[in-house]
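Undergrad: Make the full structure from the sequences, and use the hints.
Our numbering puts the sequence shown at residues 5 to 182.
No lab work stands behind these hints, which were simulated from the structure alone.
Bear in mind the structure is a predicted one, so any value in this text is a computation, not a measurement.
Among these hints, one or two may not hold up.
Only pairs whose alpha carbons sit at most 25 Å apart, straight line, appear in this in silico DMTMM-like list of lysine to aspartate or glutamate [unchecked claim]:
1. Lys-161 with Asp-147
2. Lys-179 with Asp-117
3. Lys-103 with Asp-174
4. Lys-161 with Glu-10
5. Lys-73 with Asp-12
6. Lys-146 with Glu-172
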Amino acid sequence: MGPGDETDRFNYWPVRINQGGNVLVPPAGDPVQFIDARDLAEWTIRMAESRTTGEFNGHGPASELTMGKMLNDIRLTVANPASPAVFIEASAKFLSNNKINMWSDMPVWVPGDGETGGFHRRRNAKSINAGLTFRAVGVTAKDTLAWWQTLPEARRKAMRAGIKAAREVDVLKLKQIG
5 MGPGDETDRF NYWPVRINQG GNVLVPPAGD PVQFIDARDL AEWTIRMAES
55 RTTGEFNGHG PASELTMGKM LNDIRLTVAN PASPAVFIEA SAKFLSNNKI
105 NMWSDMPVWV PGDGETGGFH RRRNAKSINA GLTFRAVGVT AKDTLAWWQT
155 LPEARRKAMR AGIKAAREVD VLKLKQIG
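TA: So this is what it looks like as structure tokens:
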């Protein structure tokens, strides 16, 4: 994830939050793990240069991160003062009942319990002990948004991940917010 990520799996959040207004978000307390591709690349190069081998979980952050904290960190760095983002949190059940899919419609998110409960709870202490470091979520968000804004308009109109704007409005109305 980060600048240059053509999957848009993280890009959605900085872009959407920067647009402002009511933003449909998944449960704030659910855990989330990801890594900026630049951090993974830099660490991989250091590992190769030092000829360090083994099995490592190459993800972050260094400590537990929730969806709510990640989104708030993004909002703090990419907020549009003219149109602040207001997070409208929906439960996993509400999202599922309204056919809002984890990961594709709500990028990076999977429910923190049930079948997917362990997905964002992988240990990475061995990797950290081997030198893996992480830039702040806000830095990744700011750099991602800056990169996104350099893309041609046609590409920016074709976000590959995240709930579509019209669908988000409809779902927010169901929550009696929109």
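Undergrad: Indicate, hint by hint, whether the structure satisfies it.
TA: Hints, verified against the model:
no. : hint                 : result
1   : Lys-161 with Asp-147 : holds (19 Å)
2   : Lys-179 with Asp-117 : holds (22 Å)
3   : Lys-103 with Asp-174 : holds (12 Å)
4   : Lys-161 with Glu-10  : holds (13 Å)
5   : Lys-73 with Asp-12   : holds (20 Å)
6   : Lys-146 with Glu-172 : holds (23 Å)
Checked against the numbered hints listed earlier, the structure breaks none of them; every hint is satisfied.
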